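The hints should help you fit chain B onto chain A, whose structure is shown.
Each chain, written out:
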Amino acid sequence: MADSDPDEGRTLELVPTAPTREDRALAEQLREQLPGLEPERRTTDWGRSERLEGLLDRTLYEFLYHYWFRVDVEGIENVPSDGGALLVANRAGALPADSLMIARAVREERADPRPVHVATTQHRSGVPALGALVMKLGGVPAHPANLHRLLFDEDQLVLVFPEGAAGARKSIAERYRLRDFGDGEFVLSAVRARAPIIPVAVVGGEEVVPILGRVGLLGPLTSFARVPIASPLPLPAKFKIRFLEPVASASLADLPWEDPGAVRALAGDIRALIQENLLEMVAQRSSTWL
Amino acid sequence: MVDPRPTTSRRVLITGISSPVGGQLAQRLEPDPQVETIIGVDTSDPQHQLERTEFVRVDAERVQLRRILSAAAIDTVVDTRLVCDPFGAGGRSATKINVAGTAEVVAACAESGSTVRKLVFKSSAHWYGFSSDDPAFFSEATTPRRAPGSGIEGDAVRAEEIVRQFAVRGSGRMATMLRLADVLCGGERTSHTTLFSLPVVPAILGFDPRWQFIHQHDVVGALAHATLHALPGSYNAAADGVLVLSEIASLLGKPALPLLPPFGAGFAADQLRRVGLPVPVDLVRQLRFGRGLDNRRLKAAGYVYRYTSREAVLKLRAQQRLRPLLESGSGAYRYEPEVEAFLRRSPSVQAPARPLPTGFDDLAADELIGIASSLEPSALAELRRHEAATRSRREVLVALDGMLQRAQKPQ
Chain A
0 MADSDPDEGR
10 TLELVPTAPT
20 REDRALAEQL
30 REQLPGLEPE
40 RRTTDWGRSE
50 RLEGLLDRTL
60 YEFLYHYWFR
70 VDVEGIENVP
80 SDGGALLVAN
90 RAGALPADSL
100 MIARAVREER
110 ADPRPVHVAT
120 TQHRSGVPAL
130 GALVMKLGGV
140 PAHPANLHRL
150 LFDEDQLVLV
160 FPEGAAGARK
170 SIAERYRLRD
180 FGDGEFVLSA
190 VRARAPIIPV
200 AVVGGEEVVP
210 ILGRVGLLGP
220 LTSFARVPIA
230 SPLPLPAKFK
240 IRFLEPVASA
250 SLADLPWEDP
260 GAVRALAGDI
270 RALIQENLLE
280 MVAQRSSTWL
Chain B
0 MVDPRPTTSR
10 RVLITGISSP
20 VGGQLAQRLE
30 PDPQVETIIG
40 VDTSDPQHQL
50 ERTEFVRVDA
60 ERVQLRRILS
70 AAAIDTVVDT
80 RLVCDPFGAG
90 GRSATKINVA
100 GTAEVVAACA
110 ESGSTVRKLV
120 FKSSAHWYGF
130 SSDDPAFFSE
140 ATTPRRAPGS
150 GIEGDAVRAE
160 EIVRQFAVRG
170 SGRMATMLRL
180 ADVLCGGERT
190 SHTTLFSLPV
200 VPAILGFDPR
210 WQFIHQHDVV
220 GALAHATLHA
230 LPGSYNAAAD
240 GVLVLSEIAS
250 LLGKPALPLL
260 PPFGAGFAAD
270 QLRRVGLPVP
280 VDLVRQLRFG
290 RGLDNRRLKA
300 AGYVYRYTSR
310 EAVLKLRAQQ
320 RLRPLLESGS
330 GAYRYEPEVE
340 AFLRRSPSVQ
350 APARPLPTGF
360 DDLAADELIG
370 IASSLEPSAL
380 AELRRHEAAT
390 RSRREVLVAL
400 DGMLQRAQKP
410 Q
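Residue numbers (numbering that gives the first Met the number 0), protein chains in the order written: chain A, 0 to 289; chain B, 0 to 410.
Among the hints, erroneous ones may be present.
What the hints assert, rightly or not - DMTMM-like mimics (lysine to aspartate or glutamate), calculated; alpha carbons at most 25 Å apart, straight line: (1) LYS237(A) - GLU49(A); (2) LYS253(B) - GLU52(A); (3) LYS95(B) - GLU187(B); (4) LYS253(B) - GLU39(A); (5) LYS237(A) - GLU73(A); (6) LYS253(B) - GLU73(A); (7) LYS237(A) - GLU153(A); (8) LYS95(B) - GLU29(B); (9) LYS253(B) - GLU49(A); (10) LYS237(A) - GLU108(A); (11) LYS237(A) - GLU61(A); (12) LYS253(B) - GLU310(B).
To be verified - Here are the computed distance ranges between Cβ atoms for each label pair: (13) GLU61(A) - GLY301(B): 46 to 52 Å; (14) LEU204(B) - ALA26(A): 35 to 41 Å; (15) ALA165(A) - SER170(B): 50 to 56 Å.
These are calculated hints, taken from the structure and not from any lab test. Model, not experiment: these values are computed from the prediction. We treat Cβ as the ideally placed atom computed from N, Cα and C, and that holds for glycine.
If we strip away everything but chain A, and leave its shape as in the complex, we get (with noise of 0.2 Å):
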C-alpha cells in the first residue's frame, strides 16, 4: 500500500469528499479523546513554549505592540470568542511582524485572550534552529491535516497568509497589491472544519521591512540566490489591523466540495474583500509612520 505509490496518502487527504453521517459521527467522538490538560506542562502537543512565548509577550512583543508600530485595531468583536476560526490576512515583508501583531492583538484588545496558531509553510520546520523557533512561538506547519486538528478538533484560531512566499517577496513597489491566493487550499481546511473564515486586512506591515530591489549574486541559477535589498532594522511604521466580518459559515457548508472552481472562486472573493479594505485604509491613513 505505502510502497506502491508515494503520493497516494497525499491525495487521499486533499481530495475532498463529502463527508457522510457516519464520518461526521465519528469525527465527533474522536473529537471527545483529545488529550487532558496537564498543568504542570508549560509546553503544548504542538511544541509550542508558554515560557518562551509569554518572556517575548512581556518584552519584544509589549514594546513593538505599543512604542513601535503602534498598532490600531479594528472589528476585534469578529474575532469569535469560542469555536475555530480561520484567519486570512495578507503578507508582506521580510520579518513576520505582522502574524506576531494579529497574534497579540487577539490577545491584547478581548477581554478573553485567546491564543493563535501561525500556518507556516512547511519546509520550514526541517531549518535548523529557525523551525524550533518558529514552533515554540506558535507557528505550525500548514498540513491540512494540521489545520483540521486545531480548527475542528481544538477549537483554536488559525493564522493563513494564503499570498504564502510569494507575498513575502513582493518589493516596496508592489504593496497592499494583494498577490493570487493559489488553489485556496485554506478554504478547503475551513469548510472541512466547519470553521468561520474571518479575513484581516493589515496596514503598516507592508512597510516594516522595505524591499527595494533585489541583486542577483549567483546569476540566473536560483531565485534564492537573489538577495534583497532590505532596511536592517524594521522601520517604526504604523500599523492598523481591521478584523471584516465572518464568512458567512452557512453559505461555506453549501459549498459544492468536489469543485476546485467554486473553492477557488471563494478564495477570490476573500482576496478581493481584502483588497478592498487594505486600500480604503491605505488611503484614510494620514502618514506611512504616524
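Chain B only, in chain A's frame:
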C-alpha cells in the same frame, strides 16, 4: 466500527512469550475467566513467572506452530515478536524476525482448516517514518508520503501488509495492528532509553523535536484490550501528550546538550557507529524531525491509558535512580520445566502458585505509599477509594488504612 464488541477470544496463543511484553501480556490475561487457554511460544525460556500459561519452545522457523494451533484450537494469536529497535537484535536478523517471521506466523494462522479468527499484531509507529513534510499528529488514515526507508520502517510496513492479508484473504477473520510509540520502562534496552540514560541528553543543534511515548503498562494493556475486544484495522498506541526534547531532559533532571551538528548529523552518526556506538538512523531522524501520533482512535475504542507521556518519563526517571539499588536485589525468575510441569499437572498441588510481582510494578506501590504520607486525610480517603476501585493492591490498602487511622487519632 469503533464500538468495541467483546469477541470470542477464548483460546489465545502469544508469540514472543519470553519478551517482557509477551510475558506481561500473559500475566495480564491469566486472571480473566473469559480466557480459557493461554499458550506462549518462543525460542527461549520465559522470563516471567506464569500461572496457567503453557509454554512451548519452538525453533526459529516455527514449523511446529501450525500443529500447536490446530491441536489447541486456538482462535486468537497475539504476535509480539516485532523488533522495533536495532538494539533488540542486530540489523539483518531483525529484518528476518520481522518480515520472514511474520510471514511464517501468518501462514500458520491462515492455513486451510485453521481455527484462528483473529490476529493481534504488535507493530510500531516507525511505520510512519520521519520527514519534515509530516502532519504534526499521524492518524491511522495517513499514509507516509515517501517509500519506506530504513530497516525498521521498511520492516513495519512489510510486516503490516502481510498481517493485513490475513484479514483480506479469508472471511470472518480480523487483524488488529497496534502501532506503538517509543516504549518506556519496557525492561529491554532500546536506543532511546540508552540515550536518556546518558549523563546529558544529546540533541542536534537547532532542533527541539517533539517526541511521544508509551509506558510498558499501556503497551500490555492495549494488547490485552485488542485481544479481548474486536478492533479491526490499525490503531496508534501512544500516551497522551507530545513532549519536546528539552522538556524530556528537564523531566529527567539532566541538561540537553546540542552535541550533534545541524548538518551532517547522519555522517556524524556513521562515524560514531564506526567507533562502536550504534546510533540508529531512526534515532537521528527522531532527533531531527520528531513525531506525534493521534491516539484517539484507540481511546474511542474503549482503551483508557494509565500514563501520559510525561508520567512515563517520570517513571523512567524513578527507574534510572533506583536501578543501582535494585541490581543487588533478589535474583530473577528462572524457568524450570519440571517445576512448571509439576505446578500445572500434579494432583498434589492444592492452590495455584501466585505470580510474584516482577520488574518495577511493586515499586509503583512503594512510591504511592511514599507520596501518600504527605497527603491530607480527605485526600487519603479519596486515594483509598480509588485504589480499592482500580488495582486494590493489598499492601497499598493496608498502608493507606494505617495512615488514615493515624491521621484521625490526634483529634
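Ascending list of hint numbers which this structure does not respect: Of the numbered hints, 1, 6, 7, 8 do not hold.
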